[in-house]
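Model the placement of chain B on the given structure of chain A, informed by the hints.
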Amino acid sequence: MELTLIPAVAVALAILLLAAIISILIQFEGGINPKDDNKRRIVFWVFAILNPIVYWLLAYFYLAPDPEESRRAYNRFIEVIPTDMLIGVISYIIAGIAVSKFAVTGKLGHWFPKKK
Amino acid sequence: MEEKLFVIAIGGTGMRCLESFVHLCAIGMFDNKEIEILTLDTDQANGNMGRTWNLINTYNQVKSENGSQDGGTPNTNTFFSSKLNIFKFFINYSNAQRNTYKNISKLGEGDERTNRHNEMISDLFLEKETVQEFNLEHGYRAQTHLGSHLMYHGILEAARKIRKGGELGKPEIDLKEFLAKLQSAGESARVFVFGSVFGGTGASSIPIIPVAFREAIGIIGNDNEKFDPKKIKFGSTLLTEYFSFTKPNQNQLSEKKNSVIADSSFFPINSQAALQFYQNDPTVQSVYNKMYHIGWPVESKSLLEEKDNNTITGGSTQKNNCHVLELMCAAAAFEFFNTANYEKTDKIEYLFRAIKYENGIFELTSADFVGSEKGDVFLNKLGAFLSFAHIVLSKNEGGNGLLGTKGFITQLDKNNIKDYNTITDDETKRIDEYLKLFAYSFTSENLFEQGWIYQIRNSILPGNFLFNKDAFKDSLKELRNLDVGNLFLDNKHNWKSSIIKSRYDTFITKLTKEGKPELNQNVNSTKEKFLAHIHNGIMISQNFIKK
Numbered sequence: 000m001e002l003t004l005i006p007a008v009a010v011a012l013a014i015l016l017l018a019a020i021i022s023i024l025i026q027f028e029g030g031i032n033p034k035d036d037n038k039r040r041i042v043f044w045v046f047a048i049l050n051p052i053v054y055w056l057l058a059y060f061y062l063a064p065d066p067e068e069s070r071r072a073y074n075r076f077i078e079v080i081p082t083d084m085l086i087g088v089i090s091y092i093i094a095g096i097a098v099s100k101f102a103v104t105g106k107l108g109h110w111f112p113k114k115k
Numbered sequence: 000m001e002e003k004l005f006v007i008a009i010g011g012t013g014m015r016c017l018e019s020f021v022h023l024c025a026i027g028m029f030d031n032k033e034i035e036i037l038t039l040d041t042d043q044a045n046g047n048m049g050r051t052w053n054l055i056n057t058y059n060q061v062k063s064e065n066g067s068q069d070g071g072t073p074n075t076n077t078f079f080s081s082k083l084n085i086f087k088f089f090i091n092y093s094n095a096q097r098n099t100y101k102n103i104s105k106l107g108e109g110d111e112r113t114n115r116h117n118e119m120i121s122d123l124f125l126e127k128e129t130v131q132e133f134n135l136e137h138g139y140r141a142q143t144h145l146g147s148h149l150m151y152h153g154i155l156e157a158a159r160k161i162r163k164g165g166e167l168g169k170p171e172i173d174l175k176e177f178l179a180k181l182q183s184a185g186e187s188a189r190v191f192v193f194g195s196v197f198g199g200t201g202a203s204s205i206p207i208i209p210v211a212f213r214e215a216i217g218i219i220g221n222d223n224e225k226f227d228p229k230k231i232k233f234g235s236t237l238l239t240e241y242f243s244f245t246k247p248n249q250n251q252l253s254e255k256k257n258s259v260i261a262d263s264s265f266f267p268i269n270s271q272a273a274l275q276f277y278q279n280d281p282t283v284q285s286v287y288n289k290m291y292h293i294g295w296p297v298e299s300k301s302l303l304e305e306k307d308n309n310t311i312t313g314g315s316t317q318k319n320n321c322h323v324l325e326l327m328c329a330a331a332a333f334e335f336f337n338t339a340n341y342e343k344t345d346k347i348e349y350l351f352r353a354i355k356y357e358n359g360i361f362e363l364t365s366a367d368f369v370g371s372e373k374g375d376v377f378l379n380k381l382g383a384f385l386s387f388a389h390i391v392l393s394k395n396e397g398g399n400g401l402l403g404t405k406g407f408i409t410q411l412d413k414n415n416i417k418d419y420n421t422i423t424d425d426e427t428k429r430i431d432e433y434l435k436l437f438a439y440s441f442t443s444e445n446l447f448e449q450g451w452i453y454q455i456r457n458s459i460l461p462g463n464f465l466f467n468k469d470a471f472k473d474s475l476k477e478l479r480n481l482d483v484g485n486l487f488l489d490n491k492h493n494w495k496s497s498i499i500k501s502r503y504d505t506f507i508t509k510l511t512k513e514g515k516p517e518l519n520q521n522v523n524s525t526k527e528k529f530l531a532h533i534h535n536g537i538m539i540s541q542n543f544i545k546k
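These protein sequence lines map, in sequence, to chains A and B. Heads up: the first sequence begins at 0 in numbering that gives the first Met the number 0, then just goes up one per residue. Heads up: the second sequence begins at 0 in numbering that gives the first Met the number 0, then just goes up one per residue.
This is chain A alone, in the form it adopts within the complex (with noise of 0.2 angstroms):
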């Protein structure tokens, strides 16, 4: 488990990289109204959703033993993808709060705001 549980966190913390890349890149709008920030919120939550897929299709299609050398360790392998899922979604959740409070002024504080 141990070894699937590191490619996991890597996969969600590269998907988080992308997501700030991304959010930053969204410029400030001016205006009465302005639509930056709920753009920022829905590019992480995209992300998140996303996380969670690639991990899957990486899993799947790369990480996993070839069932025909072990198909005890495939089985197993497979077995515990749902759980590095999740746990992926949990690093991704948990870092991307952890870089909204650190960046609170900053466009990266705009996943998750300060309530009024």
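Rather than coming from a laboratory, the hints here were simulated on the basis of the structure. It should be emphasised that the depicted structure is a prediction, and the values quoted were computed from it without experimental measurement. Treat the hints loosely; a few may be bogus.
[What the hints assert, rightly or not] Derived pair list, reagent style DSBU-like, types lysine-lysine, alpha-carbon separation capped at 30 angstroms:
| # | chain 1 | residue 1 | chain 2 | residue 2 |
| --- | --- | --- | --- | --- |
| 1 | B | K515 | B | K500 |
| 2 | B | K229 | B | K160 |
| 3 | B | K346 | B | K289 |
| 4 | B | K509 | A | K100 |
| 5 | A | K38 | B | K417 |
| 6 | A | K34 | B | K428 |
| 7 | B | K163 | B | K229 |
| 8 | B | K500 | A | K34 |
| 9 | A | K100 | B | K500 |
| 10 | A | K38 | A | K113 |
| 11 | B | K528 | A | K113 |
| 12 | B | K230 | B | K3 |
| 13 | A | K38 | B | K495 |
| 14 | B | K289 | B | K417 |
| 15 | A | K34 | B | K509 |
| 16 | B | K428 | A | K38 |
| 17 | B | K476 | A | K34 |
| 18 | B | K428 | A | K113 |
| 19 | B | K373 | A | K34 |
| 20 | A | K100 | B | K3 |
| 21 | B | K515 | A | K34 |
| 22 | A | K34 | B | K512 |
| 23 | A | K113 | B | K3 |
| 24 | A | K38 | B | K515 |
Just chain B now, kept in the frame of chain A:
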């Protein structure tokens, strides 16, 4: 001894110089100063005067706490950093018994012998059918000999009314308060007078103002406490002709009330005569310390857009666009107020500065306005305020009728800077209003209207005015997409950008991280803190002073 600053603006041109002066106060050129301003005119409905009053009123509303009209307090190193106190005095010629020289002088109301003597002496100096009988409501119409006499008389008449007591009008109350402040400042006063030397009211008044005030203070109060203009530092502009307007036509001149109308083709001669006068007049020589000779070396542009063929003599329709020379006059006041302590001498100093003019265009630099030592300070502050105006009016569409400042506060709120959420919509509207007067606005029909800085820049075209041409866009679409951090000619002062961050994004990042108001800025109210915060963020982004 802390010096007290006084500004006196006289006539239409004086009002426009004052307009430029107020904008210099708004950009922060007169940090931590309280300035007493007196506007002096004869034309109560004058459009230029109304515009200047509105400007100062808006300035004070921006500085006042919500619901108050006190004009706030002086601050340091921020926008709107000076406190302005406005006093309005005008001589009322609207009444039929006082609307001509003849009526005011009551020629023909004494006994026969007195009448004859009065008429003879009047006829000797003032042309009978025209100068003695034209309507004074729109000022002295370039008749400076008459104007000086009547302005002096008007001030003394008001002083007598004040001394007599009883119910006073607002102009007399304002004059009384202004003179009291001047008297109490005594030798610590520095007084700068704005007005032209080629027109009517300003040209008439500049020579007589110090003496008229001395006499008025003498009449109002105790003679022992008389104010002595010879001991006070007086400065003024010697502003010669720089604009023209439609020549009066015969139809207009045939009306009795319009028997005299200023003709701008005589302005160069008026200017020449005035300069000779200022060179030789012993009273002027003894009371003024510094005179700033400011003129326009090429053919004057017509600043008026008259819809008919008549000359606009005054009134609410006289709302001329601002000109770069008026900013020069305001810069002269800056020099006058900022010259280190010096002793008043008997000798008047005439000052001027030459600017570069090549191939039919002016190449102005910031040093041309305020000298090389302060040139960068001026450019930094003016650029910062122009960027602020574009943030509110262009980026947040305040120029197009939306709540621009409110939009910016919303943006800060979304960036978790919630310190300014208590600023009311009404207060943000006042800031928008001021910035529209400074830069531009769109009418309800979406027509572009130039504000002060656009007009100043327009007056010098095709020459350059300190900033790149993008800073002066005038279409709604272009303004919406304007890069507000890219206004300077020298790219090193434009806000930084990167592959992933625009200039504006970098500015917001700097603003949120580094721009918080500091104690030494003396800002107290939430609004003052907000203005100081934006000021600091822009200043850091402009990179004039390394932090």
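Do the hints match the structure? See the list:
Straight-line distance between C-alpha atoms of K515 of chain B and K500 of chain B comes to about 22 angstroms, which keeps the hinted pair within the 30 angstroms bound. Distance check on the hinted pair: K229 of chain B and K160 of chain B sit about 26 angstroms apart at the alpha-carbon level, within 30 angstroms; holds. Only pairs whose Cα atoms come within 30 angstroms are accepted, and K346 of chain B paired with K289 of chain B is accepted, the gap being roughly 9 angstroms. Note on K509 of chain B and K100 of chain A: the hinted pairing holds, with a Cα-Cα distance of about 18 angstroms set against a maximum of 30 angstroms.
Between K38 of chain A and K417 of chain B the CA atoms are separated by roughly 21 angstroms; this keeps the pair inside 30 angstroms, and the hint holds. Simply put, K34 of chain A and K428 of chain B have alpha-carbon atoms about 22 angstroms apart, close enough for the 30 angstroms limit, and the pair holds. For a cut-off of 30 angstroms, the pair hint linking K163 of chain B to K229 of chain B stands: about 28 angstroms separates their Cα positions. Between the alpha carbons of K500 of chain B and K34 of chain A the distance comes to roughly 17 angstroms, so the proposed pair stays at or under 30 angstroms and holds.
Proximity of K100 of chain A to K500 of chain B is assessed by CA-CA distance (about 20 angstroms); at most 30 angstroms being required, the pair is judged to hold. A hinted pair counts as satisfied when its Cα atoms are at most 30 angstroms apart, and K38 of chain A with K113 of chain A qualifies at roughly 17 angstroms. At roughly 22 angstroms between alpha-carbon atoms, K528 of chain B and K113 of chain A fall within 30 angstroms of each other, so this suggested pair holds. For the hint pairing K230 of chain B with K3 of chain B, the CA-to-CA distance comes to about 14 angstroms; that is within 30 angstroms, so the pair holds.
Between K38 of chain A and K495 of chain B the alpha-carbon distance is near 24 angstroms, which keeps this suggested pair within the 30 angstroms criterion. Between K289 of chain B and K417 of chain B the alpha-carbon distance is near 49 angstroms, which puts this suggested pair outside the 30 angstroms criterion. For a cut-off of 30 angstroms, the pair hint linking K34 of chain A to K509 of chain B stands: about 21 angstroms separates their Cα positions. Between K428 of chain B and K38 of chain A, the direct Cα distance comes to roughly 28 angstroms. Compliance with the 30 angstroms bound is thereby established for this hinted pair.
This hinted pair checks out: K476 of chain B and K34 of chain A have alpha carbons roughly 19 angstroms apart, not beyond 30 angstroms. Among the hinted pairs, K428 of chain B with K113 of chain A is consistent with the structure: their alpha-carbon atoms are about 27 angstroms apart, no more than 30 angstroms. Restraint check for K373 of chain B and K34 of chain A: not satisfied, since their Cα atoms lie roughly 42 angstroms apart, outside the 30 angstroms limit. Straight-line distance between C-alpha atoms of K100 of chain A and K3 of chain B comes to about 50 angstroms, which puts the hinted pair past the 30 angstroms bound.
Taken as a hint, the K515 of chain B and K34 of chain A pair is honoured in the structure, with Cα atoms around 25 angstroms apart against an allowance of 30 angstroms. For the proposed pair K34 of chain A and K512 of chain B, the alpha carbon gap of about 22 angstroms is at most 30 angstroms, so the pair holds. At roughly 48 angstroms between alpha-carbon atoms, K113 of chain A and K3 of chain B are farther apart than 30 angstroms, so this suggested pair is violated. About 27 angstroms separates the Cα atoms of K38 of chain A and K515 of chain B, which keeps this hinted pair within 30 angstroms; it holds.
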